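Chemist: The chain contents come next:
Protein chains: 2
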Amino acid sequence: MNEDAPKPLSTEPYKGVRDFYPEDMFVQNYIFDTMRSVVEGFGYQEYGASILEPTELYRAKSSEEIVNEQTYSFKDRGDRDVTLRPEMTPTVARMVAHKRRLLVFPLRWYSIPNVFRYEQPQRGRLREHFQLNVDLFGADSIEADVEIIHIAHSLLKAFGATDTDFKIKINDRQSTLMGLREKNLTPQQEKLALQLLDKKSKLTQDEFKTEARKIFNDSSELEFKESDTVKTALADLRARGISNVIFDSSIVRGFDYYTGLVFEIFDTNPENRRSLMAGGRYDNLTANFGGEPVPAVGFGAGDVTMRNFLETRNLLPEWKPSTEICIATIGNTNVAANDLAQALRKNGLNVSVNVTDKKVGDQIKIADKQKIPFVLVLGEDEVKKKIFIIKELETGKETKCSSPEEIAKLIKK
Amino acid sequence: MNEDAPKPLSTEPYKGVRDFYPEDMFVQNYIFDTMRSVVEGFGYQEYGASILEPTELYRAKSSEEIVNEQTYSFKDRGDRDVTLRPEMTPTVARMVAHKRRLLVFPLRWYSIPNVFRYEQPQRGRLREHFQLNVDLFGADSIEADVEIIHIAHSLLKAFGATDTDFKIKINDRQSTLMGLREKNLTPQQEKLALQLLDKKSKLTQDEFKTEARKIFNDSSELEFKESDTVKTALADLRARGISNVIFDSSIVRGFDYYTGLVFEIFDTNPENRRSLMAGGRYDNLTANFGGEPVPAVGFGAGDVTMRNFLETRNLLPEWKPSTEICIATIGNTNVAANDLAQALRKNGLNVSVNVTDKKVGDQIKIADKQKIPFVLVLGEDEVKKKIFIIKELETGKETKCSSPEEIAKLIKK
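Protein chains in written order, with my numbering: chain A, 1 to 413; chain B, 414 to 826.
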């Protein structure tokens, strides 16, 4: 090796993030497309924003402490404090507050942003992941809460999950907070109790009791009463045909901005204790930007946990390339091959044309390895006679066609 | 105001980045969808990667200095040097090198990543923008170069541009480098000459000559001969029906990794001097990761310049929401309204249902302001008789329907 030659660069991605090769991107697009289709079915419009946000946005009281401890924050070259968004809710609240007077409420919005957290990578937790965010602004009725939970339920059904694959747990955060208040805890104990409740699903009953005793000499289950809000929501959800929903007073969500009904959806497979989706009502968040607050309810669904859920249940589609036909060339048929390809594209086909000097057999082998389903060999004879033989690589079946329209019809079938 | 109340947070996004409200996202999605459709038409597969990359990736010789001066780089909490990718090419080269032995070449890949540069925001230049990247790996033929330029041309045509709206300039970077070498310049002068050529399109002829004289006492146009590669490429492009392509020896591209044919596409409107798309051949980039290099050719097209180009030519579609019908409710018809909405969704419609206690007239006004094209008012009578009146808000036209299928048929028409 040349002494001046630099050490080869590593081909690994940054720690805790993913490269999406076409097979991975295919799955990612399937998940995102399904999300889009379900959510738009309920009348929601897509929005977006930059991953860069002023750090100040996360200094608001309403944001969870743990978020601030785990953010990617730095100073830019102009000495501004910048943060890679750890979640989307502060951003969407900012955007709604910014155009509050121009927007027409109720507002149904969704986005599929990537979000960042600096933490130890592990199953279901990465440093960058995508998260569907669905929010309804400007309606404080229980019907709005119920619609949000209904969408979350519909999404899992659209992926092919059955009601026995997952369980929706709902609670009224206010009634749990009031229940804790009746125990006359110190503010610190109250905070610890909320944190303990938030991780209850990941603990055994004994572990939970031990932890509870540590905090306030009480090993009770910390169970509280069902509020009227919860009762109405349960009845409405059941009227919509959703039966895998239960009340659970330990559901409190990690974020302090939640003000009312909250919910989490869990995989019924006990090996996966992380929630698949979660959300609730947060009526005061926009008040951080001044002016009257806009009532809001929404939920988030991460792509990593969703993909794990779908993988373990065999609910992901098999990869195939978007390319439908490859034109292999023999002799000097390049111009004709490209003309034909253009005609096929006009008929809606995705077509690749040989750009190598490989033998035709090798060209076909490559198409086969790339799982392109059809191949067409174009020699000077085919060009002259305008007779094209379309070979289906999986079966070996050959069909004669004499026009681009005919080829498109064959392949689309 | 309460003295303890914190100062309201700003609703502005971070400097130099964009919020995408639904109307903006609609345009963005139109641009991305058109890109996807054209590029997949040529047989390309989508891939993706994180915006976070080890800073080391950009320390390679091959990357432009200016990129390093303008990156967002910082240390993570684990003391790793991280950079928000300023361009996608090093990432895709890394990914290809990582799986070189498993991938089947030639490889046709594309992505629409967001990339980051710390610079003064101005028209056509933001701190975050998206950039279509299209690359063909593993083919060193001129046909591969021609395919790449053909795709770039097809993309602008798919957006509705005509051949007189833009001009493709091509060059062989090697022949310009050799031409400069014949002038016996110092390495520093050579570098400055390349930088000057790279910005030639933004200067007047006089400005260019003045700058050239400053560098090496020579006010010549710095024009060099057309290489055989350029001649072949021009002939092949014309054979494909592409006539708005010319040779221009000043096209050298800012990135040092280009090794052969390079091109840029310019708006013919002289008010916009920034290139719309640019690319070329870079055969050695994967060698930075060790092993044999994989030949490569590709191009990039930024969303900000593209959007400006399409806007000034009135080529962007008018916004409309994805929601097709809104169900307004009177009385206690909520359960029935949601049942009907579900039936309509099964028939492929995007449907919102009232969640407020507003009067029906106000519900309709809201739908109208949100530009939802159809509304259906559901009272107890409609539920009982199963007769639904569908009102088209723009025309006021009303149609009686008696089933979800009938409603879907009416609206899809």
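It is worth saying that the hints were derived from the structure and are not from the lab. What you are looking at is a predicted structure, and each value in this text was computed from that prediction instead of being measured. Even for Gly, the Cβ is constructed at its ideal location relative to N, Cα and C. Keep in mind that the hints are not guaranteed to be accurate.
Unchecked claim - Straight line, CA to CA, 20 angstroms or less: simulated SDA-like cross-link-like pairs of lysine to any residue:
#, chain 1, residue 1, chain 2, residue 2
1, A, LYS384, B, SER450
2, B, LYS759, A, PHE159
3, A, LYS225, A, LEU194
4, B, LYS488, A, GLU128
5, A, LYS371, A, TYR30
6, A, LYS320, B, LYS488
To be verified - Derived coverage of chain B by chain A (criterion: at least 3 residues anywhere in the stretch with Cβ under 8 angstroms from a Cβ of chain A; other residues may be distant):
#, region
7, 490 to 504
8, 552 to 563
9, 578 to 587
10, 786 to 798
Unchecked claim - Facing chain B, according to a computed beta carbon distance under 7 angstroms, are these residues of chain A, among others:
#, residue
11, SER37
12, GLY43
13, GLU46
14, GLY48
15, PRO54
16, MET95
17, HIS98
18, SER141
19, ALA161
20, THR164
21, ASN284
22, ASN288
23, ALA343
24, LYS346
25, LYS369
26, PRO373
Chemist: With reference to the structure, classify each hint as holding or not holding.
Modeler: Going through the hints against the structure:
1. A threshold of 20 angstroms between alpha carbons decides the hint, and for A:LYS384 with B:SER450 the separation of about 31 angstroms lies outside it, so the pair is violated.
2. Of the supplied pair hints, the one linking B:LYS759 and A:PHE159 holds, its CA atoms being roughly 15 angstroms apart against a limit of 20 angstroms.
3. A C-alpha spacing of about 16 angstroms is found between A:LYS225 and A:LEU194, which places the hinted pair at or below 20 angstroms, so the restraint holds.
4. Simply put, B:LYS488 and A:GLU128 have alpha-carbon atoms about 16 angstroms apart, close enough for the 20 angstroms limit, and the pair holds.
5. At most 20 angstroms may separate the alpha-carbon atoms for a hinted pair to count; A:LYS371 and A:TYR30 meet this at roughly 18 angstroms.
6. At most 20 angstroms may separate the alpha-carbon atoms for a hinted pair to count; A:LYS320 and B:LYS488 exceed this at roughly 39 angstroms.
7. Given as covered by chain A, the region 490 to 504 of chain B passes the check, having 4 residues with a CB less than 8 angstroms from a CB of that chain where 3 are the minimum.
8. Residues of the region 552 to 563 of chain B lying with their CB closer than 8 angstroms to a CB of chain A number 6, which satisfies the three-residue condition for coverage.
9. Chain A is given as covering the region 578 to 587 of chain B, and this is violated because 0 residues of the stretch bring a CB closer than 8 angstroms to a CB of that chain, at least three being needed.
10. As drawn, the region 786 to 798 of chain B meets chain A at 0 residues by the rule of a beta-carbon pair under 8 angstroms; below three, the given contact is violated.
11. With a cut of 7 angstroms, the hint placing A:SER37 at the interface with chain B is violated, because the nearest CB-to-CB distance is about 9 angstroms.
12. With 7 angstroms as the threshold, the beta carbon of A:GLY43 comes within range of chain B, its nearest partner Cβ sitting at about 3 angstroms, so the hint holds.
13. The restraint placing A:GLU46 at the interface with chain B holds, with a minimum CB-CB distance near 5 angstroms, inside the 7 angstroms limit.
14. Proximity of A:GLY48 to chain B holds as hinted, the smallest CB-CB distance being about 4 angstroms (cut-off 7 angstroms).
15. For the restraint placing A:PRO54 at the interface with chain B, the shortest Cβ-Cβ distance is roughly 5 angstroms, inside the 7 angstroms limit, so the hint holds.
16. The criterion of a C-beta within 7 angstroms of any C-beta in chain B is met by A:MET95, whose closest approach is roughly 5 angstroms, and the hint holds.
17. With a least beta-carbon distance of about 4 angstroms to chain B, the hint placing A:HIS98 at the interface is held under the 7 angstroms criterion.
18. At a threshold of 7 angstroms, the smallest CB-CB gap from A:SER141 to chain B is about 5 angstroms, leaving the interface hint in force.
19. Evaluation of the A:ALA161 hint against chain B yields a violated restraint, the C-beta minimum of about 17 angstroms exceeding 7 angstroms.
20. A distance limit of 7 angstroms between C-beta atoms decides the matter here; for A:THR164 the minimum to chain B is near 21 angstroms, and the interface restraint is violated.
21. Checking A:ASN284 against chain B: minimum C-beta separation of about 12 angstroms lies over 7 angstroms; hint violated.
22. For A:ASN288, the shortest C-beta to C-beta distance to chain B is roughly 5 angstroms, which falls under 7 angstroms, so the interface hint holds.
23. The beta carbon of A:ALA343 is not positioned within 7 angstroms of any beta carbon in chain B (closest approach about 12 angstroms), and the interface hint is therefore violated.
24. Because the closest C-beta pair between A:LYS346 and chain B is about 9 angstroms apart, greater than 7 angstroms, the hint is violated.
25. The restraint placing A:LYS369 at the interface with chain B holds, with a minimum CB-CB distance near 4 angstroms, inside the 7 angstroms limit.
26. Given hint, A:PRO373 at the interface with chain B, is violated; its Cβ is 12 angstroms from that chain's nearest Cβ, farther than 7 angstroms.
Violation of the numbered hints given earlier is confined to hints 1, 6, 9, 10, 11, 19, 20, 21, 23, 24 and 26; the remaining hints are satisfied by the structure.
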